[in-house]
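Student: Chain residues, written in single-letter form:
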Amino acid sequence: MNTQILLEGLVSGSMIGLGAIGLTLCYSIMRFANFAHGELIAWGAYFAWLASAALGAVLGLSLEPIEPFSFGWSLIGAAALALPATAALALLVDALLFRRLRRREATIIILVIASFGASIALRSLLEFVFTSKPHYFSGELQIAQPLFGGIRATPDQLLVLGVTTMTMLGVHLLLARSNAGREMRAVSENPALAAIAGIEVARVVRRVWALGGALAAVAGLTAGLLVQIRPYMGLDLLLPLFAAAILGGIGSVPGAFAGGLFIGLCEAVTVQTLGAEWRQAVAFVVLTAVLIVRPGGLFGRAPS
Amino acid sequence: MNGARATTVLETRALGAGYEPDLPIVRDIDFALERGAFVAVLGPNGAGKSTFVKAIAGLLPVREGEVLLNGEPLDAHAPHRMVHRGLAFVPQTENIFATMSIHDNLALCASIIDDRERRATRLEAAYALFPDLARRPSLLAGKLSGGQRQMLATARALLLEPDVLMLDEPSAGLSPKLVEEVLASLERVRASGVSLLLVEQNVRAALALADEAIVLVEGRLRHRGPAAELAEGSLLGALFLGRDPTLAERAERRP
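Protein chains in written order, with the working numbering: chain E, 10 to 313; chain B, 105 to 359.
You may find that some hints are simply not true.
To give a feel for the contact side, a few chain E residues facing chain B, derived at Cβ under 10 Å [unchecked claim]:
1. Glu149
2. Asn188
3. Arg191
4. Arg194
5. Leu202
6. Ile205
7. Ala206
8. Gly207
9. Ile208
10. Val210
Okay, the calculated bits of chain B under chain E, using three or more residues with CB under 8 Å as the criterion [claimed, not checked]:
11. 190-200
12. 223-236
Think of the hints as simulated: they come from the structure by calculation, not from any bench.
Since we're looking at a predicted model, the values are computed, not measured.
We put the CB at the ideal spot given by N, CA and C, even for glycine.
Chain E with its partners taken away, still in its complex shape (with noise of 0.2 Å):
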C-alpha cells in the first residue's frame, strides 16, 4: 500500500471532521440532525469566493498566490468575511425555521424533516444564483513537495491540516475552560436544569448555530481550497459528516475530528484498492458498523 493514500486521508478527513464538530455541536444542543449542516458548508465556500472575487476587484487586494499557497490576500480577507456571513445565514435559518418549531414544542422528526427541507431550499438556490457550474478560488496549480517516507503534499495541504486541527483544538479550550462553553455543555446535559441555573436557554442556542455556521465556513473554505466549490459540495458531505460525527460520540469535539479523520483515511484506502467508485459506501458502512457496534461512538457520553 502507498503511504501517500494517508496524507490524502489525512487532509480530506480533517475537512470531514471540521464539518462534523459543527455537526455534533448542534445535535448535542437541539437534539436533532441538522440536514441542511452540509448545504452550511457550501455556502461557507460561495461566501468565500464571492468575497474574495469582491475584495479582488474593489479593494484592489491581491489575487496573486502569497508563495508558496496558491491563493492570493483575498482568500484571507474573504475568510474573514465568510465566517460571520454563514453564522448569520445559520441564525437566519433557525430564526425562520427550527426556532418557530420549537416554539410549538414540535418533536424530533419534525425538526429532522424540516432540516431536509432547509436543506433543498438552500441547495437549490445556490444552484440558481451561481449555476451548478464549478468555481475555484484560484486557478493555480500546486506542485507536491516531498516530505517524508516519499509523501508528498502541496503546501495548501499542509495549511489546511494546520487550520483545522487549530480550529479542532480552539473549540475544544471553548467548550472544556470558558463560560459560554460551559453554558453550552449545560444546555447539551440538560436544558430545564440550565434554565432553572439562571442560563438563557435561547442565547446558547443561537450561540451554538453562529459557532456552528463559523466553522461550516472554515469547513467551505477547505473543502473550497482542496477540491472545487459546487452547490452540490455539501451534500456529498452529509453522509461522511454524520459518519464522523456518531463514530466520535454525539457531542464530543475531539471525537468528531478523530471520527472525520478515520473516514478520511478509510476513504482513501478504498480509493487506493477497491477503486474511486466505492468512496462513497465507505461512510455508510462505518457509520452502519457503529450503529450496531458501539452506538454511543467512540468518546460518547452513556445513554442515562
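Here the structure of chain E is known, so what remains is to put chain B in place on it, guided by the hints.
Tutor: Below, chain B without anything else, positioned relative to chain E:
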C-alpha cells in the same frame, strides 16, 4: 392585614397548572409564603405537590391564575429569570450537571453574578455551607453519592442568595442517615434567612423541621396549619385518605 401582606415573599393566586392544557393537575391554589417561613408541602402520591412547585419555578406552564414574587408577577416563559428575581428551585431528580465537576456546577451558576468579588464570596460561602463539597471540587459531579448530589444541588440553588428556596423531595432515594444529614442542612439554610418551601414524602421529618404545612389532595389545597398540630393527632391521616377534615376532627373529639 397590610402588615402581613408586606412580609409575603411568594404568592400564588388561583394557580392552575399541568402538563396538558385541558388536564390541570393542580387547581385553584391560593397560597402565600411569608418571609423567613419554612413551609412543608405534603400530600398523598399524585396529589400534585411536584406540579405545584414546578409551576412556580416556571418549568411547567401556569394554565390559570398567577404567581407573584415579592409582589411582582413572574413571567412563566422565562425560568432563567427566576434566579435573578430571587427564586431558586432544586428539582427531585437530575438536579446537578453530572458531566461537570463540582466546581463547574457551582461556577456555572455563579457566573451570572457580575461583581467579581461577590462571585468569589458566594462560592466560598457555598463551600462553607457544605464542607463535603470543598474537599474535591474537581471531582465529576456524576460520581457523587446521593446525599452529596443533593448538597451540591442545594449549594447551587443558594449561590445567588435567593429569597425563596423550593426543594422537591430532597430525601427521595436516600438512606435514613443521609436523609437526616440533608434535612439538617436545611436548618442551616433557614438560619440564613431564606424562606423555604419543601415538598416531602417523609412527613414526619418534614413536620419536625417546618413551621407550617400545607396539604394538597387531588390537586387542591385542602389544609394549612402549624406543623406541630399536624404532627400530632389523626388530621393528616384523614386528609391523606381524602376524608373531610372537619368530620375527622369531630370524630376525634367524640368521647
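Student: Compare the structure with each hint and give your call.
Tutor: Hints versus structure:
The beta carbon of Glu149 (chain E) is not positioned within 10 Å of any beta carbon in chain B (closest approach about 46 Å), and the interface hint is therefore violated. Nearest Cβ of chain B to the Cβ of Asn188 (chain E): about 5 Å, under the 10 Å cut. The hint holds. The interface hint given for Arg191 (chain E) holds, since its Cβ lies 5 Å from the closest Cβ of chain B, which is under the 10 Å cut-off. Nearest Cβ of chain B to the Cβ of Arg194 (chain E): about 6 Å, under the 10 Å cut. The hint holds.
Satisfaction of the interface hint for Leu202 (chain E) is found here, the shortest Cβ-Cβ separation to chain B being roughly 6 Å, below the 10 Å cut-off. Because the smallest distance between the Cβ of Ile205 (chain E) and any Cβ of chain B comes to about 5 Å, under 10 Å, the interface hint for this residue holds. Hint status for Ala206 (chain E): holds, given a least beta-carbon distance of 5 Å to chain B, under 10 Å. The criterion of a C-beta within 10 Å of any C-beta in chain B is met by Gly207 (chain E), whose closest approach is roughly 4 Å, and the hint holds.
Of the supplied interface hints, the one on Ile208 (chain E) holds, with its beta-carbon coming within about 6 Å of a beta-carbon of chain B, less than 10 Å. Contact between Val210 (chain E) and chain B, as hinted, is supported at the beta carbon level, the nearest pair being about 7 Å apart and thus within 10 Å. Residues of the stretch 190-200 of chain B lying with their CB closer than 8 Å to a CB of chain E number 6, which satisfies the three-residue condition for coverage. Requiring three or more residues with a Cβ within less than 8 Å of a Cβ of chain E, the coverage given for the stretch 223-236 of chain B is violated, as only 0 such residues are present.
Hint check: violations occur at hints 1, 12; the rest are consistent with the structure.
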